[in-house]
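Chemist: As a plain string of letters, each chain reads:
There are 2 protein chains.
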Amino acid sequence: MSEDYTSMWEGLGLDLAGHDALLEVLGNGYQDIYLAQKNRPEGMGYFDFVMSEVHGLRIKELLDEKAAGRKVIGSFCVFVPEEIVRAADATLVGLCTGADFAMDEVEKLLPRNTCSLIKSAFGFKLGKVCPYLETSDMIVGENTCDGKKKSYETLSTLVPNLYVMDLPQVKSAEARALMKAEYLRFKGAVEELTGITIDAARLKKGIEIVNNKRKAIYRLSNLRKADPAPISGLDALLANQIFFYDNPVRFTESVNKMCDELEKRIEKKEGVFPEKAPRILISGCPMAVPNWKLPWVIETSGAVIVGEESCVGERGTRNLTDDNWDTEEELMEAIVDRYFKVDCAIFTPNPDRLEHIEEMVKTCKADGIIHYGLQFCQPYLMESIPLEKALEEKNIPTLRIETDYSMEDVGQLKTRVEAFVEMIK
Amino acid sequence: MSEDYTSMWEGLGLDLAGHDALLEVLGNGYQDIYLAQKNRPEGMGYFDFVMSEVHGLRIKELLDEKAAGRKVIGSFCVFVPEEIVRAADATLVGLCTGADFAMDEVEKLLPRNTCSLIKSAFGFKLGKVCPYLETSDMIVGENTCDGKKKSYETLSTLVPNLYVMDLPQVKSAEARALMKAEYLRFKGAVEELTGITIDAARLKKGIEIVNNKRKAIYRLSNLRKADPAPISGLDALLANQIFFYDNPVRFTESVNKMCDELEKRIEKKEGVFPEKAPRILISGCPMAVPNWKLPWVIETSGAVIVGEESCVGERGTRNLTDDNWDTEEELMEAIVDRYFKVDCAIFTPNPDRLEHIEEMVKTCKADGIIHYGLQFCQPYLMESIPLEKALEEKNIPTLRIETDYSMEDVGQLKTRVEAFVEMIK
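If you read the sequences in order, they're chains U and Y. Under our numbering, the first sequence has 277 at position 178, and the numbering climbs by one with no breaks. Under our numbering, the second sequence has 265 at position 166, and the numbering climbs by one with no breaks.
Bound conformation, chain U alone (with noise of 0.2 Å):
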């Protein structure tokens, strides 16, 4: 880090030790997945600059935010609409977890079999580790899963700050009239909470410039269709793991950046994995940094990874919205339409996932699909079964993984990596 910031980490009540472990670790965990990849493009090295400092300059930019009155919101979720959080010149940030934190703690609070992404986000709090979360002025949940919708109860135990958003479990009219209220409602919050009422004018700049940072990780997907692919599968991650985090037009900026340059590596025939290297698409549960355990087994396992059908991927990214209305109301409209998209499997039934991947498997040309469940996640896991014969049944080597945040099942999992791409080959 170019800095020293104990001071601000002390200030936002961190534990010091505690961080400085888990900064080792994150720093150690880069240096060996992603710095010792070989011949990554030159425009990563804007992304690894902005992991160096994703407790450090990043949360010194949010705190001189707030200090010229301006507010942040974190959240757990893609459901939580960033453009109104934006008309309002606040800043969402996804909040920490990816990694397993005071689970000591944490089981004190919730069931042992809760998922390692909801374990991770109270050990996060527990430990006094995350940065973002002591950052934020409200702290967004919402009711998807049961285990975060139920986990929240406690979560409001832990922190002054927690705003709940109700969330549908269907594509019904009524379902969609309750998402509206809900998104509503949060607008009134985020009003209050920041002081600004958000007009039409407002909700049109939210909307581009949450649009441009999608349209720019869209290119960014759009050019791993190439063979040999122009980045790694690890690295994709990363730009779609930082547009949680980063500065939104700084972000915007880069991505084409480093776009304009894959676009020169593709011209060239260069890539980071041989021509013809087995191409696998990855789909399931979201994964936050710095949970990189999958996309490293299986991209030493000589398989290159084109896309993630993922929160932390397409399915949060993938659609626009729409901005071609004038009022409030239209606006907003536009809003609902682009979320009550999302393919979330906490939606019954869900076919636009299986078409999407469909869509994806052929747009990324891609060879097979590692089906990615965090255990205990029973909405993913519940719809990988059925997932996986229909993609079968259309000839699309399909592995199902379930796993955790811990390490012990490293060696399981290359060995069954290895086994899948070696069949695809």
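Be aware that a few hints might be false.
Copies of one chain are not kept apart here, so a pair can be met inside one copy or by any two copies together.
[Stated by the list, open to error] Each computed DSS-like pair below joins lysine-lysine, with the alpha-carbon atoms no more than 25 Å apart: (1) Lys-461 <-> Lys-324; (2) Lys-207 <-> Lys-493; (3) Lys-303 <-> Lys-165; (4) Lys-513 <-> Lys-207; (5) Lys-488 <-> Lys-513; (6) Lys-493 <-> Lys-461.
It should be emphasised that the hints constitute simulated quantities derived from the structure, not laboratory data.
Chain U is fixed; fit chain Y onto it per the hints.
Modeler: This is chain Y only, laid out in the frame that chain U set:
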């Protein structure tokens, strides 16, 4: 059983060998757990008979109803409004679950980490041993927990007549509107199935029948407040379980008749356990026939169960539907009001449940609570942790049990329950 029902079961497509095996296990379990009890009320004779004919005479009755043009609707949840079913002269039955069956087949369709209740329901279908399911003209699923919600997507490929009802997750105005829309849609579906238009008079009649059933079972609950308890928890649980299967009018009469007997017992201070026996309230997940493991462990450990805060118990039955209305619209509102009050753990937050438990502890004069959580049931397991904390803070001893339908943990359960009973003596 009084007759040979082989041809009836064959006609329903049951697997006769598997079904025979099931009935044998069920019969032996009933003998060991129920008939081995001492000093049972005479009125239990009726329920013993119902249980002995649960796959026999009762199915014949349902088939006779069908032959006479009436319909049978199967459900897995207390959120399916029986009033509406009854208003169309149809019969609502609870579908089989409560025991492991065909687990190898089940685990090809559902994740291993799915709760026993859901796996069991699938096992009864895949093993072809649930005559209720095969008799049903319509099977109603409902979006309660993630496990049920997502597993219905697969169940819909196994049965030709699944209808899925959406349900809300919070108790807001929009959530109630969603529930009302879904109940109206269900009313339409029942009308279509039965060919009967449900008017106000029919709704009033349906409400009356179901309310009477609830009043009878609630009368039974009240009599258990006496010390010594005039009936065992096992027997009372059985009545609560048969609530879901039996002809409602006959059931109501039988419960009331037994209550007359229990009142006499109370006058004479006659009980099934000695006076001052430790009194336990069970709270948590529902217990379907033949899931009697935990109550059996408790009542063979010197304690008496004096109440069930459960869907198969007071949570499912305590509220009546207000029939003091005249129009169809008003009566439907009253039905929605009634079900919207149910304090199931799928709601967030769910403060009414804690209140109700505290109230039951007082009225039942319980010495302690045993929380029954099915492994992988996220809503109840998650809720049980803050619940235990809140109860312990009020000096109400609480034991949290997490188990499944297997018998492997009986020894361990017995040790834990005996220690708890010793503590609250």
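Chemist: Next step is simple, just say for each hint if it's right about the structure.
Modeler: Now the hints, each set against the structure:
Proximity of Lys-461 and Lys-324 under a CA criterion of 25 Å is satisfied intra-copy only: 9 Å inside one chain copy versus 66 Å between copies. Within a single copy, Lys-207 and Lys-493 get their C-alpha atoms only as close as 45 Å, which misses the 25 Å cut-off; across copies the closest is 19 Å, which meets it. Proximity of Lys-303 and Lys-165 under a CA criterion of 25 Å is satisfied intra-copy only: 23 Å inside one chain copy versus 60 Å between copies. In the homo-oligomer, the alpha carbons of Lys-513 and Lys-207 lie at most 25 Å apart only across protomers (24 Å), although the nearest pairing inside one protomer, at 32 Å, exceeds that limit.
Proximity of Lys-488 and Lys-513 under a CA criterion of 25 Å is satisfied intra-copy only: 23 Å inside one chain copy versus 42 Å between copies. With identical chains, the CA atoms of Lys-493 and Lys-461 are at most 25 Å apart within one copy only, with a shortest distance of 12 Å there and 60 Å across copies.
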